Amino acid sequence: MFDILLPSLVDGLMIGFVYGLAAMGLSLIWGVMNVINLAHGPIIALGMFGLYLAFNTLGLNPYLALILVALAGLLLGVLIYYVAVQRVLTAPHLSTLLATFAVNMILIGIGTAIFSVSPYNVDFSMGSMDFGPVRVLWTRVAAALAALIATGLLYAFLFRTRQGKNIRAVANNRVAAELMGIPSSRVLALSFGIGTMLAATAGGLIATFFPFTILAGGGYELRSFVIVVLGGLGNPLGALVGGLILGMLEGVIPVFMQTSWVPVIEFALFVFIIIIRPSGLLGSRV
Amino acid sequence: MKNRLFTLLTLLVLVALALGACAPAAATPTEEPIAPPTEETSEEPMATEEPEAPPMTETTLKLGYTASLTGNLNVSSGRQDKGLQLWISDVTAAGGFQVGNEMVTFEPIFYDDESTNERVQELYTRLATEDNADFLISPYSSGLTGASAVIAEQYGKVMITTGAASDSTYKLGYTGVYQAYTPASRYLVGAVDLLQTLDPTMTRVAFVHESDQFSTDVVAAAAAYAESLGFEVVLNEAYDTGTTDFGPFINKIEAAAPQALMGGGHFQDGSTFAKQLFEKGVEIAYVTLLVAPPEPDFAELGDAAFGIIGPSQWEPLAEFSPESAAAAGLEWFGPSSAEFVDAYVAAYSEQPSYHSAGGYVAGLILQKAIMDAGSYDPDAVKAALDAMDVLTFYGRIKYDTSAESHGLQLGHSMVYIQWQKDDAGTLLKQVVWPLEGASAETIFPIR
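Going down the list, the sequences are from chains A and B.
Reminder that position 38 of the first sequence reads as 37 in numbering that gives the first Met the number 0, one-by-one numbering, no gaps.
Reminder that position 236 of the second sequence reads as 235 in numbering that gives the first Met the number 0, one-by-one numbering, no gaps.
No wet-lab data here; the hints were simulated from the structure.
The model shown is predicted, which means the values in this text are computed figures rather than measured ones.
It is possible that part of the hints are untrue.
Far from chain B by the CB rule (all over 10 Å, computed), these chain A residues [stated by the list, open to error]:
#1 Tyr154
#2 Phe156
#3 Ile252
Below, a sample of chain A positions facing chain B; criterion: calculated Cβ distance under 8 Å [what the hints assert, rightly or not]:
#4 Ser127
#5 Phe209
#6 Val254
#7 Thr258
Backbone N, C-alpha and C define an ideal beta-carbon position, used for all residues, glycine too.
Start from the sequences and build out the full structure, keeping to the hints where you can.
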């Protein structure tokens, strides 16, 4: 049993870092502007395709290509904000939900037209190494490291730079921040852009080890909702911790029972956390 | 407050998504099917008889069906649709086929079912009632076909099903639904036979499969067959549709130490499974996966595709011909494999998959039944289908006529392909089973 449990635990934790990174984008956007971004899934999928195109057509190393994917994700997020979100930001929440859902449908429609729903694969491998019963794939280690680095950079940006402090100020009190001369609209656009950048980056990392389709982001979007509640609403570090917990559950549960129990346990945990600790394990904070 | 709001909205979104999936969508107007090929089809692929005596009249029958132009089935369904369109185009180009004093052609009435059961139920009802389709062809996939078959039966329409292998649809007492595919219960039987032929000392086999109805039916039958031959099933486990991380399953497979692995489900999960088996360096001699390996796109996996075997409903390399029909004492009908492939490539600039061949043969079966019946009266066509035993480029077509499983395909058999490499190291498919149709020897063990 131990021979199965330990490798499954390690596999789960590795993928959990990437789940956390994907959820971080959703968490940040909610934390700063109270918007649930229903376009989160297709943005993750576009991150996958971005990496695929950079790798297959430009011949770039996937991790170098990830920088391009991140930049493209940032720009796409800013564009989505100005086109679809900004005007409904002060409207009831249903408006922002519908606006981002519309973006979701548009992105999936365009993606299906271009790529169909055929699976694509980034044929890239860095090999593996055995540590006792555990075989570690280096692509997963690299993805976990990239997720950690992205988290560190996000925190450095939020706490050490003027723009980051502006984001936190707007998140805390938008009116007060505007009175202090902070251009809240630009700050919100940047926040949305960073949120989508994190989602696209996570998508790019997932593409290095799983084949994918334009619809592949949906599963990660659902997981992101659970992770955000689990880790702490609006708390990026909480999202990373939530991702690790979810990854660990997905790795370990199938060792003991059928995989159909995984969503049962995940969502039972979701409800449990809502009841006993509505602010999530690490509390809400940007 | 904000946190509760998020939670509330998240739950609202999840409930809305679930309700949305259940709600019927509004009907959309008839769309043009995928560009029908016209000029390229100069061959005479059908056994069209020369008109003998004037006056001949022209009759156009309405052929109703849906295809998944959108949603998660659009690739396979799109290819099936192209195959069917090619058949319609071939019939039209030949001036129709003769039924009594009439030259019969078909007018397709076609909708996008969006890969959902709800749309299929709505649209097939419309095809049967408002559009008054004379005959129906099924959508792609066992699930959607099950939803459409009940409507075809309810309105007394003859339906040829294709892209639908699950046995269960034909166990419901339907009398007008006829299957083109080899049933799921016989999908992996040949893979077990091949394994035993390759190495009779092999005893340990694992089954890891998608938890949908089709894959579960396939594996249940294959596992029972393997055990009947003396194999020990050391692992038999299902994974959820949409699974992307096969790490836990691979760890279980390694712990169970099978010599052979069979299973999979559909393209996405099958290709992901194959890739991760390769990356994890699982020591296994024989791997057969459902659905994914026969697809040309499977080669995108690179070295991870090498050695993987997959059952296929049809392969161009598996040659059925008028000569093999004569040798088997069967009637031959329709174009040869080469004629079909050439016409398909000319029309669509891509190689046909077995889904494409399945679409074409569904039309061909209907044509043959109408010609045999000498009428397009549904009861006469049903009688002709019940009596049909014919060889086509796609293989043999013969139906179960028992009350328990009426319309189940009995004549057709799977072929098994394996991804191998040519001298230049390029991946290519080879037919490895049945041996009489094999284009290469099986590479065994693969690792």
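Against the structure, the hints:
Interface exclusion of A:Tyr154 from chain B stands, the closest Cβ pair being 21 Å apart, more than 10 Å. Taking the minimum C-beta to C-beta distance to chain B, about 22 Å, the non-interface status of A:Phe156 holds against the 10 Å cut. A:Ile252, annotated as away from the interface, has a beta carbon of chain B within 10 Å; the closest lies near 8 Å. Proximity of A:Ser127 to chain B holds as hinted, the smallest CB-CB distance being about 7 Å (cut-off 8 Å).
For the restraint placing A:Phe209 at the interface with chain B, the shortest Cβ-Cβ distance is roughly 5 Å, inside the 8 Å limit, so the hint holds. Taking 8 Å as the C-beta contact cut-off toward chain B, the hint placing A:Val254 at the interface holds, the least distance being around 6 Å. Nearest Cβ of chain B to the Cβ of A:Thr258: about 5 Å, under the 8 Å cut. The hint holds.
Hint check: a violation occurs at hint 3 only; the rest are consistent with the structure.
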